[in-house]
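Protein chains: 4
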Amino acid sequence: MRLLFTIALAAVTAMAADNGVLGHVSAHAGRFGEVARQIWETPEIGFRETKSSAILQHELAANGFEVHAGVAGMPTAFTASYGSGKPVIVLLGEFDALPGLSQKDLPVQSPVTAGAPGHACGHNLLGAASALAAVAMKEEIEARRFRGTIRYYGTPAEEGGGGKIYMIHAGLFQDVDAVLAWHPADHNKVDWGSSLANNGGKFRFYGVASHAAAAPERGRSALDGAMIMLNAVEFLREHVPQETRIHYIITNGGSAPNIVPAFAEVSLIARNPEAAVLEGVWARVMKCAQAGALASETRMEFVQGTNYANILPDDVLADVLGRAMQKAGGYEYTPQEREFAEKMQKTLGAATGGAGPEQLNISHAEGYTSASTDAGDVSWVVPMGAFEAATFVPGVAPHTWQAAACAGSSIGRKGMLVAARTLALAAVELFENPAEIHAASEAYRKRLAGRTWTTHITKDARPPLD
Amino acid sequence: MRLLFTIALAAVTAMAADNGVLGHVSAHAGRFGEVARQIWETPEIGFRETKSSAILQHELAANGFEVHAGVAGMPTAFTASYGSGKPVIVLLGEFDALPGLSQKDLPVQSPVTAGAPGHACGHNLLGAASALAAVAMKEEIEARRFRGTIRYYGTPAEEGGGGKIYMIHAGLFQDVDAVLAWHPADHNKVDWGSSLANNGGKFRFYGVASHAAAAPERGRSALDGAMIMLNAVEFLREHVPQETRIHYIITNGGSAPNIVPAFAEVSLIARNPEAAVLEGVWARVMKCAQAGALASETRMEFVQGTNYANILPDDVLADVLGRAMQKAGGYEYTPQEREFAEKMQKTLGAATGGAGPEQLNISHAEGYTSASTDAGDVSWVVPMGAFEAATFVPGVAPHTWQAAACAGSSIGRKGMLVAARTLALAAVELFENPAEIHAASEAYRKRLAGRTWTTHITKDARPPLD
Amino acid sequence: MRLLFTIALAAVTAMAADNGVLGHVSAHAGRFGEVARQIWETPEIGFRETKSSAILQHELAANGFEVHAGVAGMPTAFTASYGSGKPVIVLLGEFDALPGLSQKDLPVQSPVTAGAPGHACGHNLLGAASALAAVAMKEEIEARRFRGTIRYYGTPAEEGGGGKIYMIHAGLFQDVDAVLAWHPADHNKVDWGSSLANNGGKFRFYGVASHAAAAPERGRSALDGAMIMLNAVEFLREHVPQETRIHYIITNGGSAPNIVPAFAEVSLIARNPEAAVLEGVWARVMKCAQAGALASETRMEFVQGTNYANILPDDVLADVLGRAMQKAGGYEYTPQEREFAEKMQKTLGAATGGAGPEQLNISHAEGYTSASTDAGDVSWVVPMGAFEAATFVPGVAPHTWQAAACAGSSIGRKGMLVAARTLALAAVELFENPAEIHAASEAYRKRLAGRTWTTHITKDARPPLD
Amino acid sequence: MRLLFTIALAAVTAMAADNGVLGHVSAHAGRFGEVARQIWETPEIGFRETKSSAILQHELAANGFEVHAGVAGMPTAFTASYGSGKPVIVLLGEFDALPGLSQKDLPVQSPVTAGAPGHACGHNLLGAASALAAVAMKEEIEARRFRGTIRYYGTPAEEGGGGKIYMIHAGLFQDVDAVLAWHPADHNKVDWGSSLANNGGKFRFYGVASHAAAAPERGRSALDGAMIMLNAVEFLREHVPQETRIHYIITNGGSAPNIVPAFAEVSLIARNPEAAVLEGVWARVMKCAQAGALASETRMEFVQGTNYANILPDDVLADVLGRAMQKAGGYEYTPQEREFAEKMQKTLGAATGGAGPEQLNISHAEGYTSASTDAGDVSWVVPMGAFEAATFVPGVAPHTWQAAACAGSSIGRKGMLVAARTLALAAVELFENPAEIHAASEAYRKRLAGRTWTTHITKDARPPLD
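Chains as they are written, first to last, in the numbering used here: chain A, 1 to 466; chain B, 1 to 466; chain C, 1 to 466; chain D, 1 to 466.
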C-alpha cells in the first residue's frame with residue numbers, strides 16, 4: 001500500500017525570492033534551455049555524443065568548473081568540478097539519444113530525418129538540467145562560502161553502453177559522498193523505489209554447414225543450437241521468481257534454407273528487481289545456452305552486453321529530495337501547451353488519467369519501475385538519491401516518438417526546470433547540514449546489508465566505442 | 001533392385017522319401033507340433049520361461065542330447081549337445097512370449113486371458129522347430145556316422161532381454177563353426193538381408209519437488225529435463241542418416257499437476273542398419289539427455305536396456321539355406337486353413353497381396369527388415385545363416401493378435417515344418433561338405449571387414465531377471 | 001505493506017464466562033473433539049466420505065438440527081438447519097481426506113497404512129469445528145430467542161471434487177445472507193485476503209498407432225500432440241500476467257517405445273488471483289492444446305476437472321470475524337505439545353520463524369494465498385467471511401504428513417476450538433446486529449463490481465462420484 | 001543395384017567426320033564457346049538475364065531461327081524456332097547466375113567482384129550448348145530435308161524463379177513432342193533417374209508489440225508463432241517418409257530484445273522424390289504453421305516460393321540420349337587442364353575418386369539426385385529426356401566457387417561440347433525415326449500412370465520479376 005501525499009503547489013516563480021539557489025537557477029534557465037534544445041537538435045547515440053558532450057563541457061567550463069574530458073577511456077565522458085574538500089556531491093548528466101526515433105517537436109509522428117536518432121528518453125534535458133543545477137550550486141557555494149565540492153559527471157551511453165560502470169571502475173566515485181540523479185518522465189515523483197537489474201548479450205552458435213537436402217546428416221545446425229537453448233529458456237520461465245523477465249530475439253537464423261546453418265545468433269536480456277537474484281537466473285540462462293550447444297554439437301560463444309544493477313534507494317537522500325521537490329514545485333501548462341498535450345494524448349492508445357505537471361508524488365513507496373539504468377550501479381558504490389520530473393505529457397512513455405517530441409518542446413524545458421530546482425535545493429540542504437550526509441551513508445549501508453556490487457562488465461573491459 | 005527367384009514347389013510330403021533327414025523330421029513332426037502348442041498354451045515372458053524351457057530340455061534329453069541348464073547366469077537358458085568334435089553347428093531356439101497379447105487360435109481378436117502374455121512373435125514355433133531339426137539331425141549323424149557336433153541353444157528373453165548376449169559373454173559360441181537360425185513370418189524367405197541394430201534404455205530425471213502454485217521457483221522439474229531432452233532429440237532427427245529411427249515414450253511424467261515433478265522417466269530406442277552408425281547416433285541422443293539435465297538443473301541417470309547388433313549376413317550360409325529351402329518346399333492351405341486366412345486378412349487394414357505359403361523367396365537381395373534381434377549379436381561373433389518361414393497368414397505382422405492366433409494354429413505348425421526341414425537339410429549339407437564351413441568363415445570375415453563386436457551389455461552385467 | 005495488529009491474549013478458559021455462546025462451545029468441546037478424532041481415524045477421500053458425513057449428520061440431528069442428506073446429487077452432501085426466518089447464516093463444513101497421506105499422530109513420518117488416505121488438510125477439524133459452532137449457536141438462539149436460521153452445510157470433496165459448486169447449482173445458497181468459513185493452518189489469521197482461482201482438467205490426445213521402426217510415417221503420434229501443446233504452453237508463460245500459474249504432468253506418455261503412441265494424456269491446472277483473468281489465460285491454454293492436435297494430426301478431447309473461483313473477501317464479515325477472533329483468543333502449548341512441535345519442526349527443511357498459536361494476525365491486508373478452494377465459488381454468490389486457525393505446528397504446510405499428524409493431535413483440537421469460538425462469536429454478532437448483514441451485503445456488491453459468477457462445472461454436470 | 005556400362009571413348013575430333021550433325025557442331029563450336037564465356041563474364045541473376053538472353057537470341061536469329069522474345073510475361077524468356085510441322089523437338093536453355101558466387105577462372109577462390117553473382121551452376125554453358133545443338137540441328141534439317149520443327153526455349157530464372165512453369169501455363173509446350181535437356185555436372189551420365197520435387201516459401205507471423213519488461217502480457221509474440229511452428233515441424237520429421245527433407249531458416253526473428261516481436265519470418269523448403277507425397281507433407285507443414293499462429297494468437301501469412309516437380313524420366317528418350325552420348329564421347333584433359341583439376345581438387349575437403357571426363361556412365365539406374373529443377377515440371381507435361389555432362393572437375397558440386405571457376409574455363413567448354421553433340425545426335429535420331437517419338441510418348445504415359453501435373457504457382461500468378 002502506498003501512502004501518497006500529493007500537493008498542488010503555487011507557481012514556481014512566486015518562490016524564487018525565498019531561496020538564493022533558486023534565483024541562480026532562474027538566472028541561467030534560459031541559457032540551459034537553449035543548451036537542451038541544441039542537444040535535442042543534434043541527437044547522437046551512445047559513445048558518439050561528441051557535440052552534445054562538448055556543449056555541456058563548454059558551459060560548465062565557462063561557468064568556472066574545472067573540466068576533465070575523455071575520462072575512463074571514453075572520449076565523451078567528462079567530469080566538471082568546483083570547490084574543494086568534503087562533502088563531495090555529484091550530479092549525474094546523460095546526453096545520448098536513441099537510434100531510429102527522430103521526431104519533430106510536434107504532437108503528430110513526424111521524424112526530422114527518417115531512421116535517424118532522436119532524444120526519446122529526454123537525455124538532452126537530463127544533461128542540461130543537472131548542469132544548470134551545478135552552475136546554480138556553484139554560485140550558491142560562492143555566495144554562502146560553503147566548504148565542499150560540487151561536481152557534474154558527464155556519463156555517456158546510458159542506453160546500453162553503461163558509461164557509468166567504466167567511470168566506477170576508473171575510481172571516479174571513490175571520494176564521492178552523495179550522488180543526486182533524476183530522469184525525465186510524465187510525472188513528478190520522489191519515492192524509495194528501485195529499478196530492474198538487467199543483464200544481456202549475444203549468444204552465438206557455430207555449427208557445420210552442409211547441403212540440407214543432399215547431406216543434412218553431415219551438418220551441425222547452429223540454428224538448432226539456438227532453438228534448443230530458447231526452448232529450454234521457455235521451460236525456465238516457470239521456475240524463476242515471477243518478477244523476472246527474460247526476452248530475446250533471433251538476430252541471425254541462417255543464411256539460406258537449403259544450407260544447414262553454420263551460424264546463428266540470439267540477443268537476450270534478463271531482468272529482476274534484485275541483482276543477486278538476477279545472477280542466479282542468469283547462470284541458468286547460461287546453462288540453457290550450453291545445453292543448446294551440447295545437444296546440437298555446436299559451439300556457443302557469449303558476448304557480454306548491457307549489465308545494470310537495480311537502484312538501491314537511499315532513504316535519507318530520497319527524503320532530502322522530497323523536501324526539495326516540495327519547495328521546487330511543479331508547473332502549469334499554457335493554453336498552447338495544453339492543446340499540444342491533448343493532441344498528443346489522442347495518439348496514445350490507452351486512457352491517460354495520470355497526474356498533471358502541477359502535481360507532486362512524494363512518498364516512501366518502495367516497488368520498482370520496469371526500466372534499467374547504469375545509475376543503478378552507481379547506487380551500489382555510493383549513496384544516491386534519484387527522482388523523476390514531468391518533462392513528458394501524462395501518459396507518454398520513454399522510448400516513443402511522443403517522448404522525443406516533448407523533449408524538444410517547452411513542456412520538456414519546464415519539466416527540466418523542476419529537476420534543476422529540485423537538485424539545487426537538495427544539494428544546498430546537504431551543504432548546509434553535513435549530518436544528512438552521514439545519515440545517508442548509514443541508510444546506504446543498511447540497504448547494502450553487507451552485499452557488494454558486482455558486474456559482468458569487468459574492470460579490464462573496454463567500452464564498446466564502435 | 002532385387003532379383004527374386006520365386007519357385008512354387010510340389011507338396012512337402014512328396015519329397016520326404018528323397019532324403020533321410022527329412023524322414024526323421026517327418027517322424028517327429030507330430031510330437032514337436034504338440035510341444036509348440038504346449039508352449040503356446042503356457043505363454044511366459046522373457047527370463048520367466050520356466051515351463052517352456054523345461055519342455056524343450058525334456059524333449060532334447062529324451063532324444064539323447066546332453067543338456068546343461070541355467071547357463072550364463074540365466075535359469076531358463078540351456079545348451080543341448082549331441083556328437084563330438086568339429087564341425088560344431090548350433091541351432092538357435094527361442095521361447096519367450098510377449099506381455100498383453102494373449103489370444104485364442106481364432107481369426108477374431110479374443111484373448112484367452114485379457115492382459116496376459118501371448119506368443120505373438122511365434123517363438124513357441126521357433127523353439128520347437130529348431131529342436132525338431134536338432135533331433136532329426138542327431139538321427140542323421142547316427143545313421144551316416146557323421147563326425148561333428150550338433151547343438152541346440154535355448155536362448156531366453158529375445159524380446160528385449162538379450163539372452164544370447166550373456167551366452168556370448170559366457171563363451172558359449174567360442175568353439176562354434178556355424179549357427180543356423182530362423183524366425184516366424186508371413187512368408188518363406190532366404191536372402192542376404194540384415195536387421196536393424198538397436199539400443200535403448202530408460203532416461204531418469206531427478207529434480208526437486210515444490211508446490212507448483214506457491215513456490216514453482218524453488219522446484220527443479222524433472223519433467224522439464226525430459227521435455228528439453230526430447231525436444232532436442234526431435235531436432236536431432238534432421239541430422240542423422242535417414243534410415244535411423246528414434247522413438248520414445250514418457251513412462252513417468254510427474255505425479256500431480258500441482259507439484260513440480262521430482263521424477264520423470266523416458267524410455268527411448270534408437271536404431272540403424274549399422275551398429276557403428278548407431279553408436280554415433282546414440283552418443284548424440286545421450287548428449288540431448290545431458291542437455292536436458294543441464295538446462296533444467298536436474299540429474300539424469302541412464303539405465304541400459306536392449307542393445308542388439310544388426311545381423312551380418314553370411315553369404316555362404318545363406319546360399320546353403322536357400323538350397324535347403326528349395327528342397328524343403330513350402331506348403332498349401334487346407335480349405336479350412338484358407339477360410340481362417342481369409343477371415344483374418346479381413347481384420348487387417350491394408351491390402352494383403354503377399355506371397356502364399358507355397359511360394360519361396362530366395363535371392364541375394366541385401367536390405368534389412370525393421371526388426372531387431374539378439375541373433376544379430378551372434379552373427380558378429382560366429383558365421384550365422386538365418387531365414388524366415390511362413391507361419392503367419394500373409395499380411396500378418398509380428399507382435400499382433402493375429403500372429404498370436406496363427407502361432408497356435410495348424411498354419412503355424414505347417415510353417416514350423418518348413419523351418420525344421422530347411423534347418424535339417426542345411427545342417428546335413430554342412431556336415432557333408434566341411435569346405436562350406438570354411439567358405440562361410442571366409443565370407444564372414446569379409447563382411448566383418450576388420451570390425452569387432454561391441455555391446456553396451458557389458459561382460460559383467462547381470463541379466464535383468466526380474 | 002501490511003499493517004498487523006498482533007495481540008497475545010490471555011488463556012481461552014478465562015473468557016468462557018463472558019459470553020454465553022463461548023460457554024456452549026466449551027460444553028460441547030470434548031464431544032466434538034472426539035468427533036474430529038473419529039473422522040481422522042477413518043479418512044475418506046472426496047465423494048466417498050460416507051462415515052465422516054454420517055458422524056456429523058448424527059451429531060447435528062442429535063442436537064436438534066433438521067438434516068437433509070444426499071443433497072445436490074451427492075450422497076455425502078447434507079444440510080442441517082435450526083431456527084427459521086431471516087437472517088440465514090451458513091457455516092461451511094468439509095470432511096474429505098487426501099489420498100496417500102496416511103499418518104499417525106506422531107512427530108515422525110509414520111503412516112497408519114502405507115498408501116492409504118490421511119487428513120493432511122485438517123478437514124476432520126474443519127467439519128467438526130463448524131458443527132460445534134453450529135450447535136453452540138443453536139443453544140444461543142434458544143437462550144436469547146434470536147430470530148433467524150443457523151445452518152451447517154456438509155460439503156463433500158473440497159480436494160478437487162468441488163462439492164460446493166453442485167450445491168450452488170442446486171440453489172442451496174439462494175436464501176442465505178452470510179456464510180462463515182474457516183480453514184486449518186499453522187497460524188491464526190483474519191484479513192481481507194483472497195485465494196487463487198483455478199481451472200484444470202485432462203487433455204487427451206488420440207492418434208494412430210504404427211510400428212515406430214517399420215512405418216513411423218503411417219503413425220500419428222498422440223504424444224507429439226501433447227508435446228507440441230506443452231511446448232506452446234511454455235511459450236505462453238511470458239505473455240500472461242506474472243501471478244498466473246500453469247502446471248502440468250503427463251499422465252500417459254505412450255505404451256511402448258516401438259509403437260507410435262495412439263494415446264497420450266496431460267493433466268494441467270492454471271491459476272490466477274482473478275477468475276476473469278484466468279478465463280482469458282485458459283482460453284489460450286485451450287488454443288495451445290488445439291494447436292498440438294492440429295500440428296500432429298491427432299484429435300484432442302478435454303475432460304473438465306477442478307474449477308474454483310478466487311475468494312472474494314467480504315470486508316464487513318472479515319471485520320466481524322476479526323473482532324470475534326480477538327475475543328476467542330489463541331492458545332498455548334503444554335510442555336508435551338511444545339516437545340511435539342519442536343520435534344516436528346526439525347523435520348521441516350527451512351527455518352520456521354512463524355507466529356505461535358497464542359498470536360492473532362488480524363488486519364486489512366489484501367493479497368492471496370496460493371491455495372484454491374470451492375469456498376471461493378460460494379463467495380461469488382453470497383457474502384462470505386473466512387479465516388484460518390492454528391491447528392498445525394508453525395511452519396507446517398497443508399498436504400504434508402506433518403499436517404496429517406497435527407490434525408490428529410491435541411494441537412489440532414485446540415486450534416479447532418479457536419475456530420469454533422470465532423465462528424460462534426461472529427454468528428452471535430450477526431444475529432445481534434442485522435445491520436451488519438446489510439453492510440456485508442453492500443461490501444459484497446462493491447467487491448463484485450457488477451461481475452457475475454461463472455464456472456466450467458456446468459449446471460447439468462454430474463458430480464464425478466467415482 | 002545399378003548396372004553401369006562405362007566406356008572410354010576415342011577423342012571427339014576423330015568422330016567428327018562420321019556424322020553430319022557432329023560436323024555442324026564442330027563448325028560452330030568456337031563461336032558458341034565464346035558465347036558461353038561472354039555470358040559467364042556478365043553473370044545475371046534470375047529474371048534479370050537481359051544481356052545473356054539477348055546474346056543467345058541474337059545467335060539463334062543470325063542462324064535463321066524465328067525468335068519470339070518476352071514470352072509468358074517474362075522479359076528474358078524467349079522461343080526460337082526453325083522448320084515446320086511434326087515432330088516438334090524442344091531443346092531447353094537456361095542462363096541465370098547465382099547471387100554472391102562471383103569467381104575468376106582460377107583453381108583458387110578469387111571473386112571477380114566480391115558479393116556479385118557468378119555462374120556457379122554452369123548455366124552459361126547450359127544455354128550455349130543447347131543453342132549450339134539447335135543451330136547444328138537446323139543445318140542437318142536443311143541438309144537432309146527433314147520434316148519437323150526444332151526449337152530452343154530460353155527459360156529464365158531456373159534458380160528459384162521457375163520460368164519454365166510460366167511457359168507451361170502460357171501453353172508453349174502444348175504442341176511439343178519431345179524435350180531434350182541437360183545439366184552441367186562433374187561427370188557424363190545418362191540414366192532413368194529423377195530429381196527431388198520441392199516446395200517452399202515464407203511464413204510470416206504478425207503479432208502485437210509490447211515492452212517486454214513492462215508489459216509482456218500485452219504482447220503477442222510473432223517469434224513465438226514461428227518457434228511453435230518450427231518445433232512442431234521437428235516433431236513432424238519422424239512421421240514423414242524418410243526420403244523427405246524439410247529445412248528452414250529464420251529470416252526475421254524480432255527487432256529488439258526488449259520489444260515483444262510484432263513480426264517474424266521463416267523461410268522453409270520441403271522436398272520428396274515424389275511430388276504427390278510432397279503435397280501430403282506440405283499440407284502438414286502448413287498445419288504446423290497454422291498451429292504456431294493459433295497457439296501464439298498471432299496471424300500467419302504464407303508467401304509461395306519455389307515449387308518444382310520431380311523429374312519423370314522418359315525411358316525411351318533416356319535410351320536415345322544414352323546411344324547419342326556413346327557416339328558423342330567424352331574428352332581428355334590437356335596437361336594444363338589436368339594441373340588445374342588437381343589444384344582444384346586439393347581445395348575440396350573430401351576424397352574425390354569420381355569418374356573422369358573421358359568416362360560415360362550410361363545405365364537404366366533409377367534413383368534421384370538431391371537437386372530440384374523446373375525442368376521437372378516440364379517432364380510432367382511432355383516427354384523429356386535429360387542428361388549430365390562433365391563440365392566441372394570431378395568432385396566439384398554445383399553452387400560452389402569451384403563450379404563457377406570451371407564454368408569459365410576450357411574444361412567447362414569441353415564439357416559443353418559433349419552436351420551439344422549428345423543433344424544433336426539424339427535429335428537426329430528422333431527426326432530419323434518418328435516411331436521413337438511415339439514410343440517415348442507411350443513410356444511417358446506409363447510413368448504418369450494417370451497422374452496429372454499440379455503446381456502451387458497458379459496459372460494466374462505473375463512471375464516475381466523484382
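It is worth saying that the hints were derived from the structure and are not from the lab.
For every residue, glycine included, the Cβ atom is placed at its ideal position computed from N, Cα and C.
There's no promise every hint is true.
[Stated by the list, open to error] Stretch by stretch, here's where chain A covers chain B in the computed footprint (C-beta under 8 angstroms, at least three residues):
{"id": "1", "stretch": "86-96"}
{"id": "2", "stretch": "213-222"}
{"id": "3", "stretch": "282-293"}
A quick look at each hint next to the structure:
Judged by the Cβ-Cβ criterion of 8 angstroms, the stretch 86-96 of chain B is not covered by chain A as claimed, because only 0 of its residues qualify and three are needed. Only when three residues or more bring their CB closer than 8 angstroms to a CB of chain A does the claim for the stretch 213-222 of chain B stand; here the count is 5, and the claim holds. Check result for the stretch 282-293 of chain B against chain A: holds, 6 residues qualifying (beta carbon to beta carbon below 8 angstroms, three or more required).
Taken one by one, the earlier hints fail for this structure only at number 1.
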